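Residue numbers (the numbering used here), protein chains in the order written: chain R, 21 to 311; chain X, 21 to 311.
Keep in mind the hints are simulated off the structure, nothing from the lab.
Treat the hints with caution; some may be incorrect.
Treat identical chains as interchangeable: a pair holds within one or across any two.
[Unchecked claim] Lysine to aspartate or glutamate pairs mimicking EDC-like chemistry, simulated, CA-CA at most 20 Å apart:
#	residue 1	residue 2
1	K309	D84
2	K304	E267
3	K211	E180
4	K22	E45
5	K211	D87
6	K211	E267
7	K218	E238
8	K73	E267
9	K309	E267
10	K266	D307
11	K218	E180
12	K22	D307
13	K104	E252
14	K125	D84
15	K125	E89
16	K266	D84
17	K218	D162
Quantities reported herein were computed from a predicted structural model and do not represent experimental measurements.
2 protein chains.
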Amino acid sequence: MKIGFIGLGIMGLPMAQNLAKGGHEVIVPERASLSAESRAAFQVVADGTAVAKAAEIIILMVPDTPDVERVLFGENGVAAGLSKGKLVIDMSSISPTATKDFAAKVNALGADYIDAPVSGGEVGAKNAALTIMIGASQAAFDRALPLFQLMGKNITLVGENGAGQVTKVANQIIVALNIEAVSEALVFASKAGADPAKVRAALMGGFANSRILEVHAERMINRTFNPGFRIELHQKDLNLALQSAKELGVALPNTASAQQLFSACAAMGGKGWDHSGLIQALEKLADHKIG
Amino acid sequence: MKIGFIGLGIMGLPMAQNLAKGGHEVIVPERASLSAESRAAFQVVADGTAVAKAAEIIILMVPDTPDVERVLFGENGVAAGLSKGKLVIDMSSISPTATKDFAAKVNALGADYIDAPVSGGEVGAKNAALTIMIGASQAAFDRALPLFQLMGKNITLVGENGAGQVTKVANQIIVALNIEAVSEALVFASKAGADPAKVRAALMGGFANSRILEVHAERMINRTFNPGFRIELHQKDLNLALQSAKELGVALPNTASAQQLFSACAAMGGKGWDHSGLIQALEKLADHKIG
Numbered sequence: 021m022k023i024g025f026i027g028l029g030i031m032g033l034p035m036a037q038n039l040a041k042g043g044h045e046v047i048v049p050e051r052a053s054l055s056a057e058s059r060a061a062f063q064v065v066a067d068g069t070a071v072a073k074a075a076e077i078i079i080l081m082v083p084d085t086p087d088v089e090r091v092l093f094g095e096n097g098v099a100a101g102l103s104k105g106k107l108v109i110d111m112s113s114i115s116p117t118a119t120k121d122f123a124a125k126v127n128a129l130g131a132d133y134i135d136a137p138v139s140g141g142e143v144g145a146k147n148a149a150l151t152i153m154i155g156a157s158q159a160a161f162d163r164a165l166p167l168f169q170l171m172g173k174n175i176t177l178v179g180e181n182g183a184g185q186v187t188k189v190a191n192q193i194i195v196a197l198n199i200e201a202v203s204e205a206l207v208f209a210s211k212a213g214a215d216p217a218k219v220r221a222a223l224m225g226g227f228a229n230s231r232i233l234e235v236h237a238e239r240m241i242n243r244t245f246n247p248g249f250r251i252e253l254h255q256k257d258l259n260l261a262l263q264s265a266k267e268l269g270v271a272l273p274n275t276a277s278a279q280q281l282f283s284a285c286a287a288m289g290g291k292g293w294d295h296s297g298l299i300q301a302l303e304k305l306a307d308h309k310i311g
Numbered sequence: 021m022k023i024g025f026i027g028l029g030i031m032g033l034p035m036a037q038n039l040a041k042g043g044h045e046v047i048v049p050e051r052a053s054l055s056a057e058s059r060a061a062f063q064v065v066a067d068g069t070a071v072a073k074a075a076e077i078i079i080l081m082v083p084d085t086p087d088v089e090r091v092l093f094g095e096n097g098v099a100a101g102l103s104k105g106k107l108v109i110d111m112s113s114i115s116p117t118a119t120k121d122f123a124a125k126v127n128a129l130g131a132d133y134i135d136a137p138v139s140g141g142e143v144g145a146k147n148a149a150l151t152i153m154i155g156a157s158q159a160a161f162d163r164a165l166p167l168f169q170l171m172g173k174n175i176t177l178v179g180e181n182g183a184g185q186v187t188k189v190a191n192q193i194i195v196a197l198n199i200e201a202v203s204e205a206l207v208f209a210s211k212a213g214a215d216p217a218k219v220r221a222a223l224m225g226g227f228a229n230s231r232i233l234e235v236h237a238e239r240m241i242n243r244t245f246n247p248g249f250r251i252e253l254h255q256k257d258l259n260l261a262l263q264s265a266k267e268l269g270v271a272l273p274n275t276a277s278a279q280q281l282f283s284a285c286a287a288m289g290g291k292g293w294d295h296s297g298l299i300q301a302l303e304k305l306a307d308h309k310i311g
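I would like the entire structure built from these sequences, with the hints used as guidance.
See below:
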């Protein structure tokens, strides 16, 4: 199948490569930054409009809401190349409410729209093991599923357009707050004189266990704060959460607090740290390092 | 071995029964409330002093710090019956700093002291599957290990006296904050129009997964808030966390926030709800129920 792919970044490049490995013809827009490897693996056309004209399904993987808007509806954008029966899949992590607007505009051109943000990071993208959270009609989902299966493992249709982005926001809320939870517990325990590595081991058998205690607590104890997932990206995601929550009329007190601690990390020069580095804001408040 | 056991409550009774099943002679103090079953299974003596005189190892499983202090050092208490070579094991969940004082006083009588709080609840107590977090010398730990193995499964020596209680506080911080995290995520997702059961399913494959997402999120979605673990008990534990943190000079912003939400639940008549009922405070703030 001819698949358009816009956004060959750290995540997008391996995702597009996995689609090409799966036998699809991947069409990308011209960029000065395209590597020789990408030029060899993908078909390069002029711009987003040309991608949408040439492809049946157009996948987007770009940083933020304004980027999706520009790629779709900006000059030489995807929308100008869409026609009846085409399908746009936005796999970026962006605003749930903007997503509903984008879907309506794409639908008005006769094309279908799926929001399908992912989690699992660069490693998940390379290993085709991403978790994919999907907002779509059942028919659009069924059409896209073979492509999702080339990129991910946990693939869930959550609901109609917007539901994928809502789920991704929920994911980022929990991940941030579980990191904050483990940070409070380990700073407390360490300042009380306990060995944080032994505390972590004792807690892993019980209700305190989590993927964050397994993975991120170890980074905190070993002081390995190279990403992983950068604090500045998690700040973007919590900003989406807090903005959407304000629009919806939902109070997220601990998400707001975690965002403040990420801001404190950024002030300490840590916007490029892995998000497990949040613990360093609490360590600073306690004048104590756990490791 | 002759084992004293003080505190035959919801947790203590099955723990003492498991020790008796393991072949030990369990000695308990007289109480008007003792059941005929307990009178048949255990040896009943006059009071805590008599228990300590008759037993080699004396286990405490009582509600709070003042209860441990009274049982040990109050009238007819355990301390008056202690002598060189005996061992006190406090399996209650109490203050880490008070624990160090109690241990020092017991040591001054020539006896050894272990703090060994547990998690896993009534089910874990009955099935001898408790997680046991231990503060003790290596020698005292080795002596008590066969008893712990009759009551629990994940048995970790974390450090010297106090370290067990510190670890239990850390556990309760993480459990409360992971419940709060899942609550924020599900209220957000539900008010945004997504089905919380599908959101939970989508998140379980990724970094947001936790024992709380597996167990407590299901209670939130199914609206089954019968305990489990009562909010008023978790309030007690977070109070320990916040008091100890103040003494230590540690800031626990999200623990403080979760404690406020538990207070809101109590104001709604929910001090007897399972702690997953915390979500109902956030639902009230959002004027929205997820199920």
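key: Unmet hints by their number, sorted upward, for this structure   = Those not satisfied are hints 1, 5, 8, 12 and 13.
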